[in-house]
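Asks: What follows is each chain in one-letter form.
Protein chains: 2
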Amino acid sequence: MKWNAWGDPALASDLSDSIKGLLVSALGLDTDAPAELAAADVELTPSRLTADDVAALDGLLGTDHVSIADGDRLYRAGGKSTPDLLRRKQAHQEAPDGVVAPGTDEEVLAVLQWCADAGVAVVPFGGGTSVVGGLDPEDGGLRAVISLDLRRFDALIDLDAESGQARLGAGVTGPAAEEMLGTQGFSIGHFPQSFKFATIGGFAAARSSGQASAGYGRFDDMVTALTVVTPQSIARFGVAPKSAAGPDLRQLFVGSEGTLGVITDVTVRVHKVPETTLHEAWHFPDFATGAAALRAVAQRGIGPTVMRLSDEVETGINLANPSGIGDEKAAPVPPGGVLAVTTYEGDEAAAQARKLLTADLFTSLGGQSVGAGPAEAWEHGRFNAPYLRDSLLAVGAGCETLETVTTWSNLSTLKTAVTDALTAALGESGSLALVMCHISHVYPTGASLYFTVIYKQIGEPVAQWQAAKAAANQAITSVGASITHHHAVGADHRPWLAAEIGDTGVTVLRAVKEALDPKGILNPGKLIP
Amino acid sequence: MKWNAWGDPALASDLSDSIKGLLVSALGLDTDAPAELAAADVELTPSRLTADDVAALDGLLGTDHVSIADGDRLYRAGGKSTPDLLRRKQAHQEAPDGVVAPGTDEEVLAVLQWCADAGVAVVPFGGGTSVVGGLDPEDGGLRAVISLDLRRFDALIDLDAESGQARLGAGVTGPAAEEMLGTQGFSIGHFPQSFKFATIGGFAAARSSGQASAGYGRFDDMVTALTVVTPQSIARFGVAPKSAAGPDLRQLFVGSEGTLGVITDVTVRVHKVPETTLHEAWHFPDFATGAAALRAVAQRGIGPTVMRLSDEVETGINLANPSGIGDEKAAPVPPGGVLAVTTYEGDEAAAQARKLLTADLFTSLGGQSVGAGPAEAWEHGRFNAPYLRDSLLAVGAGCETLETVTTWSNLSTLKTAVTDALTAALGESGSLALVMCHISHVYPTGASLYFTVIYKQIGEPVAQWQAAKAAANQAITSVGASITHHHAVGADHRPWLAAEIGDTGVTVLRAVKEALDPKGILNPGKLIP
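Going down the list, the sequences are from chains A and B.
Each residue of the first sequence is one higher than the one before, counting from -18 in my numbering.
Each residue of the second sequence is one higher than the one before, counting from -18 in my numbering.
It cannot be assumed that every hint is accurate.
Rough simulated footprint, nothing fancy, chain B against chain A, three-plus residues with beta-carbon under 8 Å [claimed, not checked]: (1) 275 to 288; (2) 452 to 464; (3) 470 to 479.
Just so you know, these hints were derived from the structure itself, not from any lab.
All C-beta atoms in this analysis are idealised placements derived from N, C-alpha and C, irrespective of residue type, glycine included.
Sequences are here, hints too, so could you generate the full structure?
Replies: Right, dumping it as structure tokens:
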């Protein structure tokens, strides 16, 4: 992962001529990128850890696993939201005061106890892919803040092949998990946009949802047990798939974003590597018709592994295939209308049956099959969108995504409200806003909406986006939708959480926080209002 | 519901000659039932509510909705576990000091605030079907305890047909919900054994799971929102099907068993009344082979709406069809082996596809179809088992059920441990134990086991069963399974909860309790250690 952009430098993509043309004509941008700021030229806030602090941490973890070097601190100075990346272009930057990498639950406990005694805040760090400010180095009024990197929790601890579940260290990345399990014939099937870099612990802490959620569920559905280290204890939750033994405490720590404890390992449901993957893309005359068809499939309860529907704008610009944006030959769909992508994984008989049942239903509801091609193209390019953002930001365009979820009956209202809010807020800043949307996750009772917005950076770019994002959040809240479907709360959504969970919800979260983390060292300024 | 037995007096069943023969030969019982104790002959603990208390409650709710009459109190003196029913045979009985029936959230809040001020405990009451002591009239050291009956929360508040969800009052019974929704073409599909009497609020509070869980999920899966009244607030949780907005607080109140607040309404996922229901029963050579087949279906992710597997003993005694126990003509299955029951609900195409896929898999794994008959017979008699228990208890047999859940790889160990524990403990009391078992709920990573045990009452019957139950609980805990899959914790499982959720889990529950119910009025002595 790059310190100031997404992912693997080798995969960074130049803008195609067609998208450059779009930027010039629609946004009036000059597409020659200025030189990038070098990490060595960043003036970082000096570490506030004393020599005694470092010596104490060295004593707990060994000198190899404690650092106050600028390079280590800068790398963990934030996540990968557009504001994060814009901040990485500034001459002066904030960062945690040190980085520690404990290797066992007991070492995590020792670090947390030392921090509680020493008055030092802790930001747990996995893959560094937060897009909601979940990694902001906030000290919560304490005298320093350290990043607790979980990279040494990198093992497949146990695979129970009969039960179909695997216990994985919190620092295992998506690809590492798939590789370790794959050699034994299993897969998790969790493929969020952040898959290549994000970690098992992060998926749990941020209540992630992957592109194959229609088939394999959200990450919170997959978690059967987890280990959480608080400043007072090493705790484990989950003895069975489901239980009636009181509240499901797994679901209190899943989504806790490092504020209640540090998740060090997670037991997740796994499945056999699928025999087959079938692909089929569908054309619908408009978004409403397509959404009704996806709803019918979701409410039937049998259908695809992946099911997504782009709206008219996104279909037109071909964002369903980010690597082919503006490249018309990649999308052989009828003109106009909207594109849905489906895949079917599993044994051959079941996958074929699900594909046929879905095809019949889609056809009866106004869909037209456009073959496997666009679905395969989507699958091929599905992790590449963030690279496009890097290239856009470099030339002075703004680009960000945001997501929400509501009931089917409220979906159209929500889509309009968010689109209008973004358009109006960016318009006030002086820019056009190109707002695209797709349904990325479906449930029997509702669906998520995932928005991508492209605009022109004008004025102070962080403030410009924050105003637009605030308008979108306000729109989401005002129509009764959730402030986030799978990006989590972090610092960025925190001001809107109370509107969603109410005073009693806030009281509950604060009470649990106070009981487990009375000194308030765990990820201050995130999640809990 | 009868005050001292299950359900509808009109449905009480005499024991068949064949089961009488079994009781005589195996347990040495005399099958002539003694005369039943009349409610009027019970000496009830006098109400400790003062005239001022009653006047205050009358002022809040109206005199029609406040009672200290013995009949009203006795009816709410406990649930329907075997110990509950044995206690209903005693001359002196405990009961709550009064019964109130508020009609609005604001009235519930007013009652709770009055109770907090007055030092009076509250036991929420729905259908009265708890089998874990969840309704025990414990005062928690306060000066009195009242039963808060939710029967006036009896409305279908809203049906969102497009989203497929319905908001129902907590006091709506299973049949009332199905009837109100059915007239509009919808169904919840939640059919636990307690269905005929239990309520929507109870399903949520006790984290219920119904017989069609393979198709429609557990009740906790179905809940999309709920209203909870605490002594301080009227709160609502759940704005979307799923969300990443922090911990899922719905899953903290689902399963809270009246200890954190009173659930007054629940929004649940509903589905269209199925076009068709297909039935097929299967014979497997033994329980292990059948369990492996169920596992394969659960891990594939497409299969039946109902899927159950009786073990050899239960298959032999035909408890899969309680109304036909000992009646061989009702079960035309091959001799020996075990019986599985499946049903498939939905539209015709999907139901047929699921049935065919399952049949192919079952056949490949050693199953033999025995046609629709036994599955239809099971469905017909599926709510009748508790009536059989009443008849058995009346003639001096003991009969109780208990359930647990674990991973597939631990299932056989768990089954043996519980069977052995029950057999040994009842053997110590001087009785044979007939222990039957079935898999009633399946998940990709594990399954529940539901045990029925029949024995001879010897000595003090409540103590006799409690010793056997304690042995079973100890066996469950020692093999790492959950103390309950769908019966909840109540008073009876409470001593075993800490072993399952650990010190940190107990700390969390106590912290939430302290924040929401600082006076400790809500269902004392239940759930929270």
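Asks: Each hint needs a verdict: does it hold in this structure or not?
Replies: Do the hints match the structure? See the list:
| no. | hint | verdict |
| --- | --- | --- |
| 1 | 275 to 288 | holds (count 5) |
| 2 | 452 to 464 | holds (count 4) |
| 3 | 470 to 479 | holds (count 3) |
Comparing the model with each numbered hint stated earlier shows that all of them hold.
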